[in-house]
Amino acid sequence: MKKLINDPQDVLKDALLGVEAAHPQLRVDHVNRIIYRANPKADGKVALLSGGGSGHEPLHGGFVGVGMLDAACAGEVFTSPTPDQMQEATKVIDRGAGVLHIVKNYTGDVMNFEMAGELAGAEGVEVATVVTDDDVAVQDSTWTAGRRGVGVTVLLEKIVGAAAEEGRDLAAVTALANKVNESGRSMGMALTSCTVPAAGKPTFELPDDMMEIGVGIHGEPGRHRVPLAGAHEIAEQLVEPILHDLDFTGAPSIVMLNGMGASPLIELYLMYGEVARLLDKAGVKVARSLVGNYITSLDMAGCSVTVLKADDEILKLWDAPVNTSGLRWGL
Amino acid sequence: MKKLINDPQDVLKDALLGVEAAHPQLRVDHVNRIIYRANPKADGKVALLSGGGSGHEPLHGGFVGVGMLDAACAGEVFTSPTPDQMQEATKVIDRGAGVLHIVKNYTGDVMNFEMAGELAGAEGVEVATVVTDDDVAVQDSTWTAGRRGVGVTVLLEKIVGAAAEEGRDLAAVTALANKVNESGRSMGMALTSCTVPAAGKPTFELPDDMMEIGVGIHGEPGRHRVPLAGAHEIAEQLVEPILHDLDFTGAPSIVMLNGMGASPLIELYLMYGEVARLLDKAGVKVARSLVGNYITSLDMAGCSVTVLKADDEILKLWDAPVNTSGLRWGL
Amino acid sequence: MSTATVPLDRLVSWLGGYRDAVIEQRAYLTELDSAIGDADHGANMARGMTAVMDKLGAGVPATADELFKSVGMTLVTSVGGASGPLYGTFFLRMGMSAGAIAEFDGAALAAALRAGLDGIVARGKAEAGDKTMFDALAPGLGAFDAALAEGASPAEAAAAAATAAEAGRDATKPWVARKGRASYLGERSAGHLDPGAASSALLLRCLADALGSS
Amino acid sequence: MSTATVPLDRLVSWLGGYRDAVIEQRAYLTELDSAIGDADHGANMARGMTAVMDKLGAGVPATADELFKSVGMTLVTSVGGASGPLYGTFFLRMGMSAGAIAEFDGAALAAALRAGLDGIVARGKAEAGDKTMFDALAPGLGAFDAALAEGASPAEAAAAAATAAEAGRDATKPWVARKGRASYLGERSAGHLDPGAASSALLLRCLADALGSS
Ligand SMILES: Nc1ncnc2c1ncn2[C@@H]1O[C@H](COP(=O)(O)OP(=O)(O)O)[C@@H](O)[C@H]1O
Ligand SMILES: Nc1ncnc2c1ncn2[C@@H]1O[C@H](COP(=O)(O)OP(=O)(O)O)[C@@H](O)[C@H]1O
Ligand SMILES: [Mg+2]
Ligand SMILES: [Mg+2]
Ligand SMILES: [Mg+2]
Ligand SMILES: [Mg+2]
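Residue numbers (the working numbering), protein chains in the order written: chain A, 1 to 331; chain B, 1001 to 1331; chain C, 2001 to 2214; chain D, 3001 to 3214.
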């Protein structure tokens, strides 16, 4: 295992020290592993909390700041944070208008946030929850834990963050969050496995001439192992299931071409070119796009595509100012 | 070789299609492989041109936009672009106040930009040149082609871009560029080699228990191959030669912890934490910082540290608005 | 020789033994989780049980309700993931079921374990055959009850439970997962043991060991 | 049998042969550049010479000045890196030295090659022993001149040049580079052939082959 780390058990602790040192606009609670805005938002506005296992950076800590999240809870690598972390964060960021929990649909995350919601509710904080589940790689969702929450989480945190900043109430913010989640679809692939630091070796072995289609963001094997193909074919294998799942024509879309962590930007742009061409051919109108590493899987090489069916309201919220370490414009 | 590409010969061409599709604020000349701002800056302002081999993204194309470059010429992977590209870009971006060529110190880049400068000069465009050479890994620079230009190039493009935007003349802009270059030092390391697409295999073999200290950004072996160490020790091996080369105390510094392309953000933050601690211990006051992939070496895992000795003027220019795909704030 | 009642310190030995076992089998549990999950189950259980025993090292409560509340809360707040809330709930419910006692008879222990399993089901909604820890615990507790009904001591019942849980764990191998992250793999989840079934069979084996030794 | 004069089409064959050779040895040149450079020399030379021959495919100029200007400009505008300006300048200067001739005698060819090498030195400031293409070309052209002085035909002189250039190339192996990106490696550049020395020894070998065959 070749990583820029000290003791594999200390990766999260050590990385949070770096986050704190790099970003004066953030405040890090090292005991509870929470990243806050240094300057809380105004009283009376809905606050946004997200969190999840570490190893997906910049998600979620990189999206804490004006226009997005108020705080993010960091779990161990690929392990949901715990209810006490979430409860603490919820209490701290509540400005009296309630807190929206943004939860990716994994059994662990859902259960821990559920417990946190109960605890915070008992303490008088109004909590609402949106569970993202946009991964079309998961089929037969009635026979599974449901679809995984992946790329749409990034777009949702931006859009809903802008709505909260505007001063909308908890019901409106939550309704918008659900609408965004329902309007987005993602599909991912891997060229290589990642290596969980504490495990010390790759989660799965992938021969040089094979790739995994339909992976999530936890280094899990995907739905199919298929022969390695060119960018053009890979793009088809990602875009086709997305378009098959939802009709994106007739509305402006926001598209994200996301890197899994170890694929360089030149490859991500190349993939985006392929994806944009396919979407164009299918009559999908791309209004906004994002190319880069936004929701990663440690040192996995690969990428994912997210398409979100937007409307004028969503585009306006998308364009609203945001100032986080991972996404920033207008500020 | 596992990459998100089609034909290895077409990587640059295909990636530029993606850049164009992703960024309406940029215009791509596919014949000459130049990335321009879609909206040129005002007449009478100095224009900035950079360029170099591809494979270092976001450098340079990702730094084209308001507050930084006016255009970037893209060469083949790790190969300087050609004088005709540079000449064309120089002519197009000149707003009558001359053009600064920002050149990283590699024999190829220097010679090609030199020829381009001669050609553009013959056509009546005033051209000045700054050659960055901040890599302290290159010792005995009298017996070599001089130090390599690496991380400081990113900081320089930002700072000098802001000065050009302010309306300073070519002599002032060039003087500032030289000052920034002389005030910055960098040092890099690699955990793995990268693979040049056209070569099809890693540039060098690095055993699992070894790392290279003092690499540049072209997948070249470094100055020393040493046993793999923890982040703490790696940080020492990067910071020590930088501080040994220039006294950074008594002035505010801008620090960049840069990823080589395949190292995930969680590791880069962890490294930044280590570097920040060492700088603090050495009495270096960090005023601004940047953590992420800014000047990369394809799919190499590893990182580099750049420290720039700043002053109030440089910090003011650093904080000025910038709107590029790779660096953005205030706009 | 096993005895008819189980004093609390025997259950503390159980927890200590389980801590040692998950640390020892950490790589194995992670291996199982690598095949059909995200390669953290070994680390999760080792971290959680280490935290549990560190907490108890500072002082062991005198009654079962306090003991298991402490264990459950420590797991909930130190593990995360799916196993944190599930194992945490298991112990929290055990404590609620047992009440302020300092010694269990067989029936009380069976009831507490059963309450724990019910808590797991309440949290995770697992059903038999979903390929989860339920599939080791449910047959294990079934065997515990059956053994008691036939007059066995708690130690004998625990041994029967462990054996049944191990069979339940092994039975998960060919199944396609329907809960947790293994379910995302669909057919590809078949052919591998469920990591949570493995760690919970181990939990009952440690119980048998703790009660069986004397 | 070699002849005393070299018509232009024979030099076009030289260029065509060199294109074929660098394509054939592309992996080898890249291998050399991987050891002490950035793994692109094979791709650079193959791209450049392919562009050169594609250009000439659309029409071959009738005089040496136009021919080599075209070759040089094509290399300058298609290669990039260090080798683009260096090889480009080599051919540009060859053309300027030769003038509007359609046939070379030995002396004119020697002068043109020498002018090309001077151009490389003017651009790159390489000195003997820096471990660059200079270290193959300089002994190569020295041998060319010496052979002519002894009455050899251009073909015989080219053969001597190629052999001397190959010896020059091989001599670079133990040296520590002082120019180009290999110099960044310091001592670690020793023990490897210089890629540019290899490609330029090949250039003279192809010249010998083109003039020698008839
Ligand atoms: N809904 C559920 N009900 C019961 N057990 C579950 C459920 N979901 C997952 N599990 C158990 O949790 C185990 C995985 O635990 P762990 O790896 O620690 O957490 P995570 O899946 O969050 O990484 C699975 O092997 C399975 O036995
Ligand atoms: N200053 C110089 N003078 C002469 N030849 C040089 C000089 N610098 C580099 N070279 C030659 O160029 C070769 C490398 O060419 P190439 O790999 O195509 O370009 P780059 O070094 O830009 O990647 C070296 O092997 C060396 O022979
Ligand atoms: Mg997990
Ligand atoms: Mg090169
Ligand atoms: Mg797991
Ligand atoms: Mg090279």
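To be clear, the hints were calculated from the coordinates, so they are not data collected in a lab.
We treat Cβ as the ideally placed atom computed from N, Cα and C, and that holds for glycine.
Careful: at least some of the hints might be erroneous.
Below, computed lysine-lysine pairings styled on DSSO-like, alpha-carbon distance capped at 27 Å [stated by the list, open to error]:
1) K1179/B x K1201/B
2) K2173/C x K91/A
3) K1013/B x K3055/D
4) K1091/B x K3069/D
5) K179/A x K2/A
Here's a subset of chain B near chain A, in silico, CB distances under 10 Å, partners left out [to be verified]:
6) L1170
7) T1174
8) K1285
A quick look at each hint next to the structure:
no.: 1; hint: K1179/B x K1201/B; verdict: 39 Å, violated
no.: 2; hint: K2173/C x K91/A; verdict: 43 Å, violated
no.: 3; hint: K1013/B x K3055/D; verdict: 21 Å, holds
no.: 4; hint: K1091/B x K3069/D; verdict: 23 Å, holds
no.: 5; hint: K179/A x K2/A; verdict: 41 Å, violated
no.: 6; hint: L1170; verdict: 30 Å, violated
no.: 7; hint: T1174; verdict: 29 Å, violated
no.: 8; hint: K1285; verdict: 13 Å, violated
Hints 1, 2, 5, 6, 7, 8 from the earlier list are contradicted by this structure; the remaining hints agree with it.
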